[in-house]
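4 protein chains.
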Amino acid sequence: MSKPSKIGVGIIGTGRIGKLHIEHLAQNIPEAELIAICGLDPADIESLAEQFNVPKTTNDYTVLLADPQIEAVLVASATDTHVEISQAAARAGKHVFCEKPISLDLGQIDETLAIVEKAGVKFQVGFNRRFDAGFMRIREGIASGEIGEPHIMRITSRDPAPPPIEYVKVSGGIFLDMTIHDFDMARYLIGDEVVEVYAAGGVRVDPQIGEAGDIDTAVITLRFRNGVIATIDNSREAVYGYDQRVEVFGSKGMVAAGNLLTDTVTFSGSEGTRAASPPYFFVERYRPAYLSELRAFFACIQKDTPPPVTGEDGRAPVVMGFAALKSLRENRPVLLSEIQP
Amino acid sequence: MSKPSKIGVGIIGTGRIGKLHIEHLAQNIPEAELIAICGLDPADIESLAEQFNVPKTTNDYTVLLADPQIEAVLVASATDTHVEISQAAARAGKHVFCEKPISLDLGQIDETLAIVEKAGVKFQVGFNRRFDAGFMRIREGIASGEIGEPHIMRITSRDPAPPPIEYVKVSGGIFLDMTIHDFDMARYLIGDEVVEVYAAGGVRVDPQIGEAGDIDTAVITLRFRNGVIATIDNSREAVYGYDQRVEVFGSKGMVAAGNLLTDTVTFSGSEGTRAASPPYFFVERYRPAYLSELRAFFACIQKDTPPPVTGEDGRAPVVMGFAALKSLRENRPVLLSEIQP
Amino acid sequence: MSKPSKIGVGIIGTGRIGKLHIEHLAQNIPEAELIAICGLDPADIESLAEQFNVPKTTNDYTVLLADPQIEAVLVASATDTHVEISQAAARAGKHVFCEKPISLDLGQIDETLAIVEKAGVKFQVGFNRRFDAGFMRIREGIASGEIGEPHIMRITSRDPAPPPIEYVKVSGGIFLDMTIHDFDMARYLIGDEVVEVYAAGGVRVDPQIGEAGDIDTAVITLRFRNGVIATIDNSREAVYGYDQRVEVFGSKGMVAAGNLLTDTVTFSGSEGTRAASPPYFFVERYRPAYLSELRAFFACIQKDTPPPVTGEDGRAPVVMGFAALKSLRENRPVLLSEIQP
Amino acid sequence: MSKPSKIGVGIIGTGRIGKLHIEHLAQNIPEAELIAICGLDPADIESLAEQFNVPKTTNDYTVLLADPQIEAVLVASATDTHVEISQAAARAGKHVFCEKPISLDLGQIDETLAIVEKAGVKFQVGFNRRFDAGFMRIREGIASGEIGEPHIMRITSRDPAPPPIEYVKVSGGIFLDMTIHDFDMARYLIGDEVVEVYAAGGVRVDPQIGEAGDIDTAVITLRFRNGVIATIDNSREAVYGYDQRVEVFGSKGMVAAGNLLTDTVTFSGSEGTRAASPPYFFVERYRPAYLSELRAFFACIQKDTPPPVTGEDGRAPVVMGFAALKSLRENRPVLLSEIQP
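Chains as they are written, first to last, in full-length UniProt numbering: chain A, 1 to 341; chain B, 1 to 341; chain C, 1 to 341; chain D, 1 to 341.
A few of these clues could be false.
Put simply, identical chains are the same to the list, so a pair is met inside one copy or across any two.
With a Cα cut of at most 20 Å, we get these calculated SDA-like pairs of lysine to any residue [unchecked claim]: (1) K19 to S47; (2) K19 to P30; (3) K252 to E237; (4) K19 to I29; (5) K6 to A26; (6) K56 to A92; (7) K6 to A161; (8) K19 to E31; (9) K326 to R315; (10) K252 to P162; (11) K118 to E84; (12) K252 to F281; (13) K252 to S270; (14) K6 to G148; (15) K6 to N53; (16) K19 to T79; (17) K56 to D67; (18) K252 to G202; (19) K252 to M136; (20) K6 to F52; (21) K19 to G202; (22) K6 to E23; (23) K169 to E312; (24) K6 to I35; (25) K252 to P163; (26) K56 to I29; (27) K252 to N226.
Keep in mind the hints are simulated off the structure, nothing from the lab.
Turn these sequences into a full structure, and let the hints guide you.
Okay, here's the thing in structure tokens:
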């Protein structure tokens, strides 16, 4: 009885996040049915299909898109394939969930959003952190007026270890690879648009990152239209673990989200009291948020409501990333209007 | 390929914990295959079977036990059926996972353990809290010598709200229904046996509980063979939520497990800083522990190792419960040797 | 102008607490004027007198009591002299602030309180912890009904290191030397009387303490007239420092006082996050409380109001200490009515 | 005997900080003797002199400087008098402790430092926060290499309520009045010089502050010579109280100083757990630091060592304040070299 109402899903890409989506689809999302996995490594996709009882596998995403049982696709492949696949999927009438960033090219993003619009399909971007219980609580504290008018926001976002240098080289740089999540978080929490970005940064963690033309340490100042001033600080390596904190200060109070810890145990000895570290990295830290974002995606299909993270939400942080890059190079605050035509 | 190695499982009982086990079996334990659900309410078991793709349902546990595909059974039915079902299951050669308490009758427990022993099957008791990450860390802090010789332990265990009065009447009383988890935790953490119990208590939450012959507030002192002195404090109603803390103090330091909270967000306003509450109750608080205990059960079957919570571990807290009851009634410390023949 | 209204004070005893009182009198209590110091070591009292500008010194407390300028005396000498000096002071018409315990002999306490009563002087006992900001806040949470009806209280009170064995031998034992503060705290916070005491304990820290006939580790259960059940746990040696915590649980919530720390700094590294330790011991931890108790003493003289810690408050914890000792020896709960005639 | 070695002190100015210094001198600094108070309000200085036993009062600072018993002066008068008095004091051969800022005019600061240099007297600036136990611990974590190479610093510094608008008008603006403490803290903690400042800010708290030509909310980015990037965020009104936190992140870890709270008590109820607020404002929060800075001043006189906060330390934050102001006005990062000739 319930089978017919399940949404048929295909996934393209089986990296870390792709695998997590597959696991969630197979185990925790009864409203969806994972029908096909598309990936580059045949052994990998076979093994995943068997483990999670997925009937079809392919290394050709067009085969997946041709499947009439599939109503929705998850695009978790390499960034430089997002646009091509998303566009083809939309043209094929499939709802699209696309990992961030949509593209590193604003023209291609605009083209994609136009195609999606014309196709009338849902298009959600994978900004998973919006679905974290803590950050949702922060958003609520702002939206409800609990903290009054927001004045100052601080986002701390530090990775436990830098990615492989080969990844760094094709990542689009720290602002489009790492800070992009924080840019999205900033817009989401404040519920308003950023007008200007100032970025300071340097190479402090690994000289190879500098040789690759990137930086590994950054402090970004954002000015919002409504007067809020925000800072984001990023590092590619926090030895104490994945540091994900937010604090928003307003006229009536402050809301702050601290780090989750792996347990609540403390040890008190002659050196003082020691508490646990945060979960290792994004898969561990944001697992429930990754699940919630998919649930929200399928809910917007079922209820035909707008997705909670829109195409425009996917575009704006890319603009902010380019503005940050320009700011860093020219050492001056850069208006977003300088970036977008 | 992997299918043949899955352990066929049947579950008896579909209350809150039964349902949680079914969900975990269906979604998160690839090493097991849930073949049959046995329950009293036909609509309930049909609905669960459909939701989780379970092939068989029955309201007769002997049918389930007769199924040759089923190698292991989970006994999550009413307490007064645990013994009969566990014994029948063992005699049928099934491995048994039995919810706590095995029985409120020590003779029946001994009989059951003897039958299990003779049948050569695994028998694990559902003391889920042992599998909580925080309490495992506490155990490690003691077992590893991190805190030196343990001297004093404090366990706080308070429910968010009392159970229905009808449940209270058949529960065996607070010590065998609620404190039993803490008695088990005490033995597990210290890794030694309790020799004497002193219980103080009263009716502070609800007079109906008193009318039912039970108490709702208790403070128990335990003396261990190795000299550790422990206190357990229980309440049937903590308005701030399910309070589950442990602290162990020793010659070289102290380990303490605080409450988990629903999120890490604080709000600071003119009234001070406010943090979140604990998750509502045991299903929310100990979900990962409930999953881990099942995984450990299947692992001990697959590797043919002793279960991590044995029949003796199931028996000892019942003895402690009787000792606490006797102590409360006679207002004096009671040796466990007074209870067990 | 303001000089005439100052209360002339003499102090007897220049141990650690005596010295602290002298410092506070000289620097922080403008309403009092320290006129004389009485002590056994001539060099010590001379040096204190010079440092703090105190005009008179003596090794004979009767000389001090004969001084008409002195209206109030602080008795901070050895415990076995408290009764004699307090009685003489009261007879001389001086207000008396006496360190705890008044005496280890209930008959002598009663005699002293009767003499004080007859003399019509103020008599305050040095239970300094009542004046700690945190514990006052706990008291307020109970007295105001913020936590509803109190049900359970837990007091943790652990010293950083045991006293010299010579001191242990004359201390009256852990219950009258150390737990006495916790007995007082229990009565103060709950605002009601204890009716029964059960004590468990042992020698875990230092065998010499056992050889001296004392214990160094104790867990005490108290039953109050109003139904509250409290536990106190004591150790003579907490390697992580002076551990002074209280938690009171009631029908509408819980108030808990954690440890003060020497600073609010944390270090996060690959081993987790490390916080500071508590201040070393009572002089560091309770310095502001020691000052407040003296201010309260002089205020009750100036306003002719009852002292905030009365003679009866000094007597009751001694009774509780004897009950605890009897309980430990006989391994049974002991009613306070068994101790006091 | 000890009298001759005391340092004779005169204080000029009896505002909030002046009064605090007087109290500390009278009660807690035996190595100094407060000989004269100079202030504008005769009743006020008489009352202080009587309360703290100070022999001389005057409303003419030159009289005070002419007193041969006075070796050191504390300049706690209005900012626009600091230079004149400090210069006169130095010329009179007195050691000078001068409240911040020395002046809002860099030329006058340089002139003053030159005069001090020539006079060979000690000159210490009142950056009291350097003497806070928590911030000293942070400094130690950096200086000792505990956190490795510092990369990112965050300073949060928010007042509980804005000053009177009349004060705002003459304060020199938020950067020179309020942020100046944070500029000093930044230099002190990192132990290196700032080369560039970028300031964003606005009027969010009170429009009157804007009408007075000032701002009340600011976020400042600092770049240090050694590559550290720091942010300071300021608000004139945090409803939850005086917010004084610092966090320094480096290659081997992070040190963070949280807010002190008025007590360690929490209340847990159905709304979650509530903790206390910080002490109200600087006098309450930094009282021990105000005492320590004076002790350090007298110690440098007695030992003839350099003061812990030098004239150059007093000058640098003023330069940073001007750079911040220029940055705010021109909306671009400003090099300190643009400010100082």
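Between K252 and S270, at a C-alpha cutoff of 20 Å, which is it: within one copy, between copies, both, or neither? Classified as between: cross-chain Cα gap 8 Å, same-chain 40 Å, threshold 20 Å.
inquiry  = Reference check for the pair K6 and G148, CA-CA at most 20 Å: within, between, both, or neither?
reply    = Classified as neither; 42 Å inside a copy, 50 Å across copies.
Intra- versus inter-copy proximity for I29 and K19 (alpha-carbon distance at most 20 Å): both (14 Å within a copy, 17 Å between copies)
Please sort K252 with M136 into within, between, both or neither, judging by C-alpha distance up to 20 Å. Answer is within; shortest intra-copy Cα gap is 19 Å, inter-copy 28 Å.
Open item on the list: With identical chains, the pair K252 and P163 could be close in the same copy or across copies; at 20 Å between alpha carbons, which is it: within, between, both, or neither?
Closed with: Result: close only across copies, 18 Å inter versus 40 Å intra.
> Is it within a copy, between copies, both, or neither that the alpha carbon of K6 lies no farther than 20 Å from that of F52?
Replying inline: both (17 Å within a copy, 14 Å between copies)
Query - K252 and G202: within-copy, between-copy, both or neither at 20 Å Cα - result: between (36 Å within a copy, 17 Å between copies)
Please work out whether the CA atoms of K6 and N53 approach to 20 Å or closer within one copy, between two copies, in both situations, or in neither? Classified as both: same-chain Cα gap 16 Å, cross-chain 14 Å, threshold 20 Å.
Report task. Check K6 against E23 for me: Cα-Cα at most 20 Å, and say if that holds within a copy, between copies, both or neither. Result -> Answer is both; intra-copy 17 Å and inter-copy 19 Å each pass.
Is it within, between, both, or neither for K19 and G202, if the alpha carbons may be no more than 20 Å apart? neither (33 Å within a copy, 46 Å between copies)
Checking an output row: K252 and F281, CA cutoff 20 Å. Within, between, both or neither?
between (33 Å within a copy, 18 Å between copies)
Regarding K6 and A161, is the shortest C-alpha distance of 20 Å or less found within a copy, between copies, in both, or in neither?
neither (39 Å within a copy, 38 Å between copies)
In the structure shown, a violation is registered for the earlier hints numbered 7, 14, 21, 23, in ascending order.
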